[in-house]
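A.B. asks: These are the residues of each chain, in order.
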Amino acid sequence: MKARVYVTLKPGVLDPQGKAIRKALTSLGFDGVEGVRQGKLIELELAETDPARARAAVKAMCEKLLANTVIETYAIEIDGQDAQGV
Amino acid sequence: MKAAVIVFPGSNCDRDVQVALARAMRARGGGAPIMVWHKEVDFAPVDLIVLPGGFSYGDYLRCGAMAAHSPVMKEVVRRARRGVPVLGICNGFQILTEAGLLPGALIRNANLKFICKDVYLRVETFQSLFTCAYTAGQTIRIPVAHHDGNYVAAEDQLARMEERGQIAFRYCTAEGVLAPEANPNGSMGNIAGVFNETKTVLGMMPHPERLADAMLGGRDGAALFDGLVEALS
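Residue numbers (the working numbering), protein chains in the order written: chain R, 1 to 86; chain E, 1 to 233.
If you are wondering where the hints come from, they were derived from the structure by calculation, not from laboratory data. Hints should not be assumed to be uniformly reliable.
Okay, derived cross-link-like pairs now, DSS-like style, lysine-lysine, Cα gap no bigger than 25 Å in a straight line [as the list claims (entries may be wrong)]:
{"no.": "1", "chain 1": "R", "residue 1": "LYS23", "chain 2": "E", "residue 2": "LYS113"}
{"no.": "2", "chain 1": "R", "residue 1": "LYS19", "chain 2": "E", "residue 2": "LYS74"}
{"no.": "3", "chain 1": "E", "residue 1": "LYS117", "chain 2": "E", "residue 2": "LYS39"}
{"no.": "4", "chain 1": "E", "residue 1": "LYS199", "chain 2": "R", "residue 2": "LYS10"}
{"no.": "5", "chain 1": "R", "residue 1": "LYS59", "chain 2": "R", "residue 2": "LYS19"}
{"no.": "6", "chain 1": "R", "residue 1": "LYS64", "chain 2": "E", "residue 2": "LYS113"}
{"no.": "7", "chain 1": "R", "residue 1": "LYS64", "chain 2": "E", "residue 2": "LYS74"}
{"no.": "8", "chain 1": "R", "residue 1": "LYS59", "chain 2": "E", "residue 2": "LYS113"}
Modelling step: build the complete structure from the supplied sequences, incorporating the hints.
C.D. replies: The structure is reproduced here in structure tokens:
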């Protein structure tokens with residue numbers, strides 16, 4: 001079973017890379033980009049076949065390692081199901 | 001007094017800090033710090049643990065994130081929770097925040113650049129094991145060399161830290177003024193180093209071991225090691 005984890009900076013945490021990307025887009029002529037936030041996508045291949053158990057396991061992985069919950073938030077997607085944030 | 005320097009794959013300031021600390025320890029009749037590889041699950045009892053600068057595990061995932069879960073860190077965290085002093089410099093500071101031993105986090109420098117230069121720091125307190133050889137308000141010159149040294153913490157967390165005197169060092173001008181232009185990386189409150197609640201753990205982005213010998217151009221960093229060794233001997 002496949003899982004996807006989207007890790008993003010919490011609202012309010014400055015994202016210097018996002019700001020730089022926005023500036024670059026504007027200088028390339030893409031007008032109207034009012035904000036850019038950069039994050040990470042982590043794909044996991046799991047032996048687990050039960051979606052609920054898989055989600056619980058991935059949540060534990062996020063809390064322990066995949067995200068730094070001081071500054072980041074995460075959303076989990078299990079085998080094409082909609083991403084669920086925390 | 002005994003000390004240990006933890007060595008991770010990618011640590012690159014482990015020898016420097018060992019030399020700076022050994023000099024202070026030998027001046028008081030001690031030996032040199034032992035070096036402990038990240039795979040060790042236990043090591044000899046010591047009075048001080050140092051997490052050196054570098055790029056542990058290639059900065060994969062987040063700076064310090066992998067190192068914070070390495071085998072040796074379980075033991076470091078256990079000892080830190082019992083009160084054994086821990087000093088984290090640069091990547092060591094990042095590891096301490098990732099391991100939950102220090103509040104806040106270190107994100108990408110506001111200007112997105114790797115910054116390698118001498119900066120001035122204002123010593124916020126002399127009332128700690130780490131800063132006892134300085135005076136409060138003293139301005140010292142110490143180099144920084146990092147890409148992710150932008151200190152952030154939640155507003156309420158930061159307020160509590162200020163109240164408890166958990167800020168160790170702040171970036172300032174040569175005259176000791178806390179100006180925005182003296183802040184190299186965008187850190188909240190010009191913060192360069194913080195303590196845990198009991199002031200037994202210090203994390204700092206600048207490298208005191210790099211200016212701990214006159215031959216290197218300055219000795220402002222030596223007082224940190226001298227003070228530590230004196231306090232712990």
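A.B. asks: Checking against the hints above, which ones are violated?
C.D. replies: Of the numbered hints given earlier, those the structure breaks are 2, 3, 4, 5, 6, 8, listed in rising order.
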